[in-house]
Amino acid sequence: MKTHDVAIIGAGPAGMAAAIEATRNGLSTIILDENPAPGGQIYRSIETVPDQRAALLGPEYVSGRSLAADFRACSAEYVAAATVWNIDAGLQIHYSIAGKGSAQVTAGSLIIATGAIERPTPMPGWTLPGVTTAGALQVLLKAQGAINDDVVLVGSGPLLYLVADQMLKAGNAPRAIVETVPSGQLLKAARHLPKALKAFSYLRKGLSMMRRLSKAGVPVYGDASSIVVEGTNKVEAVRFLSKGKQHRIETTGVGLHQGVIPNQQITRLLGCEHHWHESQQCFVPALDDRFETSVEGVFVAGDGAGIGGAVSAVLRGRLVAMRIAEKNGRDTRLEQRAIQVQLAQDAAVRPFLETLYAPSPENIVPADDVMVCRCEEISAGQIRHAVDLGAPGPNQVKSYLRCGMGPCQGRMCGTTVATIIAEHRQKDIKEIDYYRIRPPLKPLALSELASIESEPTRHTPL
Amino acid sequence: MFKRVMTEIRNPIHIEFEGQTITVEKGETVAAALMLAGHGKFRESSVTREDRGPFCLMGVCFECLVEIDGTPNRQACMTLAEDGMKIRVQKAAFEEATR
Chain D
1 MKTHDVAIIG
11 AGPAGMAAAI
21 EATRNGLSTI
31 ILDENPAPGG
41 QIYRSIETVP
51 DQRAALLGPE
61 YVSGRSLAAD
71 FRACSAEYVA
81 AATVWNIDAG
91 LQIHYSIAGK
101 GSAQVTAGSL
111 IIATGAIERP
121 TPMPGWTLPG
131 VTTAGALQVL
141 LKAQGAINDD
151 VVLVGSGPLL
161 YLVADQMLKA
171 GNAPRAIVET
181 VPSGQLLKAA
191 RHLPKALKAF
201 SYLRKGLSMM
211 RRLSKAGVPV
221 YGDASSIVVE
231 GTNKVEAVRF
241 LSKGKQHRIE
251 TTGVGLHQGV
261 IPNQQITRLL
271 GCEHHWHESQ
281 QCFVPALDDR
291 FETSVEGVFV
301 AGDGAGIGGA
311 VSAVLRGRLV
321 AMRIAEKNGR
331 DTRLEQRAIQ
341 VQLAQDAAVR
351 PFLETLYAPS
361 PENIVPADDV
371 MVCRCEEISA
381 GQIRHAVDLG
391 APGPNQVKSY
401 LRCGMGPCQG
411 RMCGTTVATI
421 IAEHRQKDIK
431 EIDYYRIRPP
441 LKPLALSELA
451 SIESEPTRHT
461 PL
Chain R
1001 MFKRVMTEIR
1011 NPIHIEFEGQ
1021 TITVEKGETV
1031 AAALMLAGHG
1041 KFRESSVTRE
1051 DRGPFCLMGV
1061 CFECLVEIDG
1071 TPNRQACMTL
1081 AEDGMKIRVQ
1091 KAAFEEATR
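Chains D and R, in that order, give the protein sequences. Mapping the first sequence onto the numbering used here, position 394 (from 1) lands on 394, and the numbers just tick up by one. Mapping the second sequence onto the numbering used here, position 17 (from 1) lands on 1017, and the numbers just tick up by one.
Hints are computed from structural coordinates only; laboratory data are not their basis. One thing to keep in mind: the hints can contain errors.
[Claimed, not checked] Each computed DMTMM-like pair below joins lysine to aspartate or glutamate, with the alpha-carbon atoms no more than 20 Å apart:
{"no.": "1", "chain 1": "R", "residue 1": "1041", "chain 2": "D", "residue 2": "236"}
{"no.": "2", "chain 1": "R", "residue 1": "1003", "chain 2": "D", "residue 2": "150"}
{"no.": "3", "chain 1": "D", "residue 1": "100", "chain 2": "R", "residue 2": "1082"}
{"no.": "4", "chain 1": "R", "residue 1": "1041", "chain 2": "D", "residue 2": "377"}
{"no.": "5", "chain 1": "D", "residue 1": "100", "chain 2": "R", "residue 2": "1050"}
{"no.": "6", "chain 1": "D", "residue 1": "100", "chain 2": "R", "residue 2": "1083"}
{"no.": "7", "chain 1": "D", "residue 1": "234", "chain 2": "R", "residue 2": "1082"}
{"no.": "8", "chain 1": "D", "residue 1": "234", "chain 2": "R", "residue 2": "1083"}
{"no.": "9", "chain 1": "D", "residue 1": "188", "chain 2": "D", "residue 2": "230"}
{"no.": "10", "chain 1": "R", "residue 1": "1026", "chain 2": "D", "residue 2": "230"}
{"no.": "11", "chain 1": "R", "residue 1": "1091", "chain 2": "D", "residue 2": "377"}
{"no.": "12", "chain 1": "R", "residue 1": "1041", "chain 2": "D", "residue 2": "223"}
{"no.": "13", "chain 1": "R", "residue 1": "1003", "chain 2": "D", "residue 2": "236"}
{"no.": "14", "chain 1": "R", "residue 1": "1003", "chain 2": "D", "residue 2": "149"}
{"no.": "15", "chain 1": "R", "residue 1": "1091", "chain 2": "R", "residue 2": "1025"}
{"no.": "16", "chain 1": "R", "residue 1": "1003", "chain 2": "D", "residue 2": "51"}
{"no.": "17", "chain 1": "D", "residue 1": "169", "chain 2": "R", "residue 2": "1008"}
{"no.": "18", "chain 1": "R", "residue 1": "1026", "chain 2": "D", "residue 2": "377"}
{"no.": "19", "chain 1": "D", "residue 1": "100", "chain 2": "R", "residue 2": "1044"}
Whenever a hint applies, use it, and build me the whole structure from the sequences.
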């Protein structure tokens, strides 16, 4: 089996930057990525996007081109379409290549750069065909130049405005933006504004997007609540209250968004410690100041370490690679300090954004009749009932209800389930914790398992 | 409805969905190809057999599971369309067992 100094999982901004930095420091590096090309979600299709489409996606997106080019030029072994399905305690990584066969690799250090997922947004009707995440709309635009010409964007967060702005530039503005940010929220966020001014470019970009959308006449319904997606076999309308008034917009498409949260599957699988990030309202792995987890040699770079965005993801990737180089006997401490200064600067806008775009309470703690586990079709009420019967945490709720045992393995319900239990038991969510994640991380054909070269069979009893 | 903007099909390949032939761009995911062809229903939910379709398009939610060339549980958003692929709506498991 092949052994490398560093294995990186995920070829988004953090993974690519880590690979460049690790190889620059002479570390033998392998990088495994689930997608057919590098870029992750933020720079999806960055190597193949036509110029016209790149222009409408904006300069921040286009900046990924040079990163991807540097990544291709570095000496890291890059494996595309590789789905990691297990990592054991000895940092032996099992991955499946395009679903056609498995391979293994071991590493001295592991960098988890698997980024973020969209925060689950349970609400009535969110399982209807035609409802996607806002991020999904952006994936289609980046990769295929595909756009939905009939869509209402619903939720909270900078991505909603970014997607709307990109759709507008593509000549197909959304029907409306239904924003769940309460009226008084800007005032609450304002105390973080002086700090946020240190990262003024983000604020300027946000304001200019909002101006363009308003000038184009895209209606924005603020302070929205009691949101329901209506339809029988597909989306027909969105109904909601905005500033006390009932509205109903007929549409065949809905894009939901309540921010993004770290993808915890691998850090949970490895038994890394996690804590609850109050401001980001999600679990994040416990990390030291150089992004090493509680498991020695296992690092997290990018949004998986807590949401920081693409610029921070690159910086974190580089920092982690430098730290591993230091552990391998190369003095990179000065460079590391310089990166940490830049990271602090880039993070200055976060408290403001996190307060202003705090997720909507009705999505965080949904009503009894709202479906929470989409795979096994378990409602919030059933979860509360299981708690009343004595299930103290997510793993017990799972065995009562099969909640989190479907194909997504809890990715779409885990955070909501933990939050509902914490609220219902009136306990600290840290104490409630999360599902125990086990391999395989993604479904695997038995034929693939069977074809793995095994250790010689032991014939003598242990 | 999903449509292509500022682009058209340059390298056409053909896939089949529920017996209907669809022309798609080479290198496109199965999910994108079906959505662009106007399809919203990809599978039936396993408990109540509700219609479901792609939700996250980044491999997380497993809502876009389809049957491709006889193999069920394929993530349409993570699978690139290949010429001649035969794709079917994924039925609920109990129906599959009695088919």
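We went through each hint and held it up to the structure:
no. : hint             : verdict
1   : 1041/R to 236/D  : holds (14 Å)
2   : 1003/R to 150/D  : holds (10 Å)
3   : 100/D to 1082/R  : holds (15 Å)
4   : 1041/R to 377/D  : holds (17 Å)
5   : 100/D to 1050/R  : violated (31 Å)
6   : 100/D to 1083/R  : holds (18 Å)
7   : 234/D to 1082/R  : violated (28 Å)
8   : 234/D to 1083/R  : violated (29 Å)
9   : 188/D to 230/D   : violated (33 Å)
10  : 1026/R to 230/D  : violated (35 Å)
11  : 1091/R to 377/D  : holds (16 Å)
12  : 1041/R to 223/D  : violated (32 Å)
13  : 1003/R to 236/D  : holds (19 Å)
14  : 1003/R to 149/D  : holds (7 Å)
15  : 1091/R to 1025/R : violated (27 Å)
16  : 1003/R to 51/D   : holds (19 Å)
17  : 169/D to 1008/R  : holds (18 Å)
18  : 1026/R to 377/D  : violated (35 Å)
19  : 100/D to 1044/R  : violated (26 Å)
Violated hints, listed in ascending order, are 5, 7, 8, 9, 10, 12, 15, 18, 19; each of the other numbered hints is respected by the structure.
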